[in-house]
Amino acid sequence: MAEVEALRPGAEAEVPIGAIVARGYWGTVAYRLSQDPVTIAFGVVLILIFLAAIFAPVLAPHDPYKTNMPMRLTAIGTPGFLLGGDELGRDMLTRLLYGGRVSLFMGLTPVLLALLIGGSLGVTAGFVGGKVNMGIMRVMDVFYAFPTVLLAIGLTGALGTGSRNLLIAITVILSPPIARVAESVTTQVRAFDFVEAARASGADTSTIIRVHVLSNVLGPILIYTTSLVSVSIIISAGLSFLGFGVTPPTADWGLMLATLRTTIWANPYVAVLPGLMIFITSMCFNLLSDGMRNAMDMRF
Amino acid sequence: MTDGPTPDAVATAAPQGAERFLEVRGLKKYFPVKGGVLNRTIAHVQAVDDISFDVAKGETLGIVGESGCGKSTTARLLMRLIEPDSGTVHFDGRVIGASNGIPVREMRRQMQMVFQDSYSSLNARLPVEATVAFGPIVHGVSRPEARERARRLLYDVGLDASRFMKRYPHELSGGQRQRVNVARALALQPRVLILDEAVSALDKSVEAQVLNLLLDLKKEYDLTYVFISHDLNVVQYVSDRVLVMYLGQVVEIGPVDEIYANPRHPYTRALLSSRPSMDPERRITEPPLSGDPPNPINPPSGCRFHTRCAFANEVCARVTPVLSTFGDDARHEVACHMMSPGSGHPDAPARA
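Residue numbers (this note's numbering), protein chains in the order written: chain G, 1 to 300; chain Y, 1 to 352.
Rather than coming from a laboratory, the hints here were simulated on the basis of the structure.
Possibly wrong hints are sitting among the right ones.
[Unchecked claim] Below, a list of computed lysine-lysine pairs in the DSS-like style, where the Cα atoms sit at most 30 Å apart:
id	chain 1	residue 1	chain 2	residue 2
1	Y	K204	Y	K166
2	Y	K218	Y	K166
3	G	K131	Y	K28
4	Y	K219	Y	K166
5	Y	K28	Y	K57
6	Y	K34	G	K131
[To be verified] Chain G stretches covered by chain Y per the calculated footprint, using a threshold of three residues with CB under 8 Å from any CB of chain Y:
id	region
7	193–202
8	276–284
Computed from a predicted structure; not experimentally measured.
Just so you know, even glycine gets a beta-carbon here, dropped at the ideal spot from N, CA and C.
Go ahead and model the full structure; you've got the sequences and the hints to work with.
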């Protein structure tokens, strides 16, 4: 945007009043996103997945928990069982719709919590600097000492299995990287003179952070956070797969993958479906975050 | 006020006791240099080392010096954006930040600053109007009133508010941005404006426009300026008095005409002769000053300028010269042994 403006010097002298639309940052981001069909496409797919999950009770043709032994591992395309049946004869389509609710919830909630916790820790560390920064960031570094999944397994092991503890475990492992990103962008923004000017205006720290810092750091933090959604979905699916998270008979993509794994020789196409859903959803989040970065990353 | 300050203006603007607006006494700031395995303080950058000066109500004090001499640190110390190690600043007779003096927040309402970098001193995510209105809102002015004030100020600094108030900084030119910065600084209706290289980044024609704007605003709002610049011509144009800094210390201070016509300190003379001449016949071929300023981490002993001074004598390396008046002009002060009777320098005047 800045570059475009620089290419036409004296623009405001030639263009009639009112012809220049001052869009502002988020306005420009929205405009740039609208010019990016690939990102829009992935966004639409994601929205469809979300809608499908939200309206699962309306859309699902069967009961997700009712077993139907004759329909065990039926092939994809069987009438009434559009995506086949699982190892207990439950309708795969229904299970996938309901599983999406759990998987998306388990994927998004820890990311939002981590955004809140890691983001505020990182912004505080970056803005205050000095010993506070040292304290917060070194504690965050401790979490980097462990491999992510191992740490999550360790935490759920310590807290006990179940979806609530899985949420806590994933929140804990996602907070440090968000804090790191937040800290680094905040440190950059803090060095700008407008922060000093705001201080010279007599504003206190919380006002400066609210008005001047957040408006500049939220973009990069959100981009990074979006890219973590897929990580979160995969980790929660993985932990459910390993038996640390969601417990049967709840439908969850990770758990479904785990139980259908044994039937992969009998009906590989059905067994692969939950994995495919995890893959598509994660890819969409990743590509969406890429598109967002392209739209938001303007040099100021 | 389109031409330079007249001698009359200088005479009336000189500080005379009661008129002192800012009194800076012994201001000092050393920045620690960390290093070594344990990240201990191994040295200090003596950014501002014991400087004292006054600013009279309604005058413009120009501060000049080479890069790194502590000009900007002085500005930030005045605004309390960094805490001084020692020294006091009296604002209109009250000590800034002292328990019985003027609180920093109140001082900041009355003293504002314009920064050099017009781009980084504006928040790229806020429209111009919000930037200007921010200060008043922080100080409890209602939002509609603050916005109204912002629009009026934008108009005062020469920007058509109806066109510019919703613009973002990247949609403005450098000169326009700096005008917004001036409007922002004026939004709290301050009495003192510190201009830290406020026009240095602008090109010459825009610089002249903004300078004239500043001079107009000064009259209109009855302001006092502390004008920091490395551009000697600009300082001569706007200032009533000039303070020359070298390596964190004041080497000479006096009325602008005195300093420019009759510089006493060898450093001031060198600075002034370093100005490009407008007359090709009088082109300077020899550099008036050679080399860079010494490292402020370990500044030279005695007179800090003695390592680059053509008149340096052994006493200069030994004894630190004191800023003092000489002759009959009480307003012109110099820190040089050559001007101090009985200092031991061979060129010093005989003791009276």
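Okay, the hints, checked on the actual structure:
no.	hint	in the structure
1	Y/K204 with Y/K166	28 Å, holds
2	Y/K218 with Y/K166	27 Å, holds
3	G/K131 with Y/K28	24 Å, holds
4	Y/K219 with Y/K166	29 Å, holds
5	Y/K28 with Y/K57	24 Å, holds
6	Y/K34 with G/K131	14 Å, holds
7	193–202	holds (count 9)
8	276–284	violated (count 0)
Going down the numbered hints, you'll see the structure goes against just number 8.
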